[in-house]
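**Q** What follows is the residue order along each chain.
2 protein chains.
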Amino acid sequence: MGEVKRIAVLGAGGLGRNMAKLLDKKTEMRLVAICDKGGYAFDPNGIPSAKIDALSAEESVATISGIGVRCGDAIGELLKRRDQIDGVFLALPNLPNEFLPSVVERMAKEGFRGVMVDALKRTRAVELMVKLNDLLAANKITYITGAGATPGLLTAAAALAAQSFVEIESVEIWFGVGIANWDAYKATIREDIAHLEGFSVEKVAAMSDEEIENELEKRNGILELVNMEHADDVILELAGVVSRDKVKVGGVVDTRSPKKPVSTTMKLTGITFEGKRSTHVFTLGDETSMAANVNGPALGYMKAGFWYHSKGLHGVFTSATVMPLWPH
Amino acid sequence: MGEVKRIAVLGAGGLGRNMAKLLDKKTEMRLVAICDKGGYAFDPNGIPSAKIDALSAEESVATISGIGVRCGDAIGELLKRRDQIDGVFLALPNLPNEFLPSVVERMAKEGFRGVMVDALKRTRAVELMVKLNDLLAANKITYITGAGATPGLLTAAAALAAQSFVEIESVEIWFGVGIANWDAYKATIREDIAHLEGFSVEKVAAMSDEEIENELEKRNGILELVNMEHADDVILELAGVVSRDKVKVGGVVDTRSPKKPVSTTMKLTGITFEGKRSTHVFTLGDETSMAANVNGPALGYMKAGFWYHSKGLHGVFTSATVMPLWPH
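Just so you know, the protein sequences line up as chains A and B, in that order. Counting in this note's numbering, the first sequence runs from 7 upward without gaps. Counting in this note's numbering, the second sequence runs from 7 upward without gaps.
It is worth saying that the hints were derived from the structure and are not from the lab.
Straight-line Cα separation of at most 30 angstroms, DSBU-like style, residue types lysine-lysine; simulated pairs:
| no. | chain 1 | residue 1 | chain 2 | residue 2 |
| --- | --- | --- | --- | --- |
| 1 | B | K32 | A | K282 |
| 2 | B | K282 | A | K57 |
| 3 | B | K282 | A | K273 |
| 4 | A | K115 | A | K317 |
| 5 | A | K115 | A | K43 |
| 6 | A | K192 | A | K273 |
| 7 | A | K254 | B | K31 |
| 8 | B | K282 | B | K254 |
| 9 | A | K146 | B | K146 |
| 10 | B | K317 | B | K32 |
| 11 | B | K317 | A | K137 |
| 12 | A | K192 | A | K265 |
| 13 | A | K282 | B | K265 |
| 14 | A | K31 | A | K43 |
| 15 | B | K273 | A | K254 |
| 16 | A | K252 | B | K31 |
| 17 | A | K252 | B | K273 |
| 18 | A | K115 | A | K137 |
| 19 | A | K86 | A | K32 |
| 20 | A | K137 | B | K32 |
| 21 | A | K252 | B | K265 |
| 22 | A | K192 | A | K32 |
| 23 | B | K146 | A | K317 |
| 24 | A | K192 | A | K57 |
| 25 | B | K282 | A | K32 |
| 26 | A | K254 | A | K137 |
| 27 | A | K115 | B | K317 |
| 28 | B | K252 | A | K32 |
| 29 | B | K137 | A | K317 |
| 30 | A | K317 | B | K317 |
| 31 | B | K282 | A | K265 |
| 32 | A | K31 | B | K282 |
| 33 | A | K57 | A | K31 |
| 34 | B | K252 | A | K273 |
| 35 | B | K273 | A | K273 |
| 36 | A | K317 | A | K146 |
One-sided and incomplete, this derived list gives chain A residues near chain B with beta-carbon spacing under 8 angstroms:
| no. | residue |
| --- | --- |
| 37 | K27 |
| 38 | A162 |
| 39 | S170 |
| 40 | V247 |
Predicted model only: the values in this text are computed from it and were never measured. Every residue, glycine too, gets a C-beta built ideally from N, C-alpha and C.
Only chain A is shown next, with the shape it has when bound in the complex (with noise of 0.2 angstroms):
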């Protein structure tokens, strides 16, 4: 892959600081900056996790001594230094879905022009970024959308298992997640708590962290999540494998335990050629965490993207249609 690719990762919840971690036994890709609400960090020579690991939750990465900095638009300082930025990972939080592509829009508009990869969960949210294609590839953006666990390692898997077949009848998608407290994961369980009966983003977004408590203490930390409007389906409607309506995306989550409650699995059940009805099945092994099914996957279509980039390919791909790489 030649030099070191320098990341920047924009987001410093539980899913960037984890990236914080992986990136730290990478050889091929380094940490260079991390930004959240409160400012950023950056170093040309490399950030090591341990600095974000001291931080408590709250605390911002613009608090880490000598290279941390205080601001109100990380993202535009950030920009400043984008000759000094390969790739960046989307980890922030993205209520409302029109957030994280009003981000990416600025920034192709404000002359970056690397690889992004995010792992956005929604299928509005995956839809407004394949919008932004013309745009990207306009600007020699290689952007690859919903690159994470689900969808991205499993929707990956489902476009995979589809290649037995010559009718796909259902994709179903289940998965467990354990997380030993909610707090490092805030983002992530707001998001998935909008996806419960009588919830929304919105109503989500204006909601303390206390009612959020309350509503996991009424449901004794287990949240089970049927019909997800998860963007496997439109991930896999795009790639022409099978109409959106035949995705199914569920699983239960227990935010007080890291032991997964259920084993994650992809299913996908089709018709051969010979006229067949089957089901291959992807199973995650359960000693894997979210983190690692997010984050190692979204490294692995950051170093496919920069191949693509390398090689001029441009615009907006997605999990269904790229192979991840694998970065030493």
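For this one, chain A is given, so just place chain B on it according to the hints.
**A** Chain B alone, transformed into the frame defined by chain A:
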């Protein structure tokens, strides 16, 4: 994808004949040529599989009325029609390992400029194919090697599963194949027997069909294959996922029943960035035949190959770095 892609299948054994049946179901691609030792059949308007199905296993496609031509150099004849062929699937038996690479080299040197896909199995054969990268790149051929079931679908599943981990400890592929009668898959079964203790590619090539049948008889039609020389190892190594010694391929072939004796699985064990050991598993539905799991992915890689070709991406790629697309 624009125009219907015109596909030539080199080889009219079980693999090639099933590819013809699969192509019957596709609108984006059309079978225009198929060849075997006896000659070839060519029809730019498409060859329905029924015309090939009507032949016995011994009859050459050269005997197909109206479009079949007897000749001693079918590949040479097809090369004369290279401008009417967009993609080539190599379904020729590959004994010895050098045979298919020599066919590909010839096609490049004699002016074919499209997409080629193989379903090679042996490590050595894939290694020879990979060495053709510069020749094929210079001749604007996009080539995807190891693009069947294993290597192919299961190798890609391993490359995908690897994304959750920072270190890969092992990849174990264990397949079950059931074949109603071995006559239709002579070349495949011969390759399997060559993997057994006491056999080699050369020894099997020298055996008569009767001797093969006697060998099967001794084993009640069951071939149990362990530590096979399978190219999943070199393909995953080239993709940077894991060193080849950590990839094990084996399985059970029942040559007397279409029912799989065991389920086909790919198990990848690795360590996450948090230090947890875990195993992801990809399990193929028992009702999917070898024909579905080889030919389906091969066409998916063919479609991906057409896209790569349209973007000027030439040379040799593998099933672990390209995401197969799903052709309609």
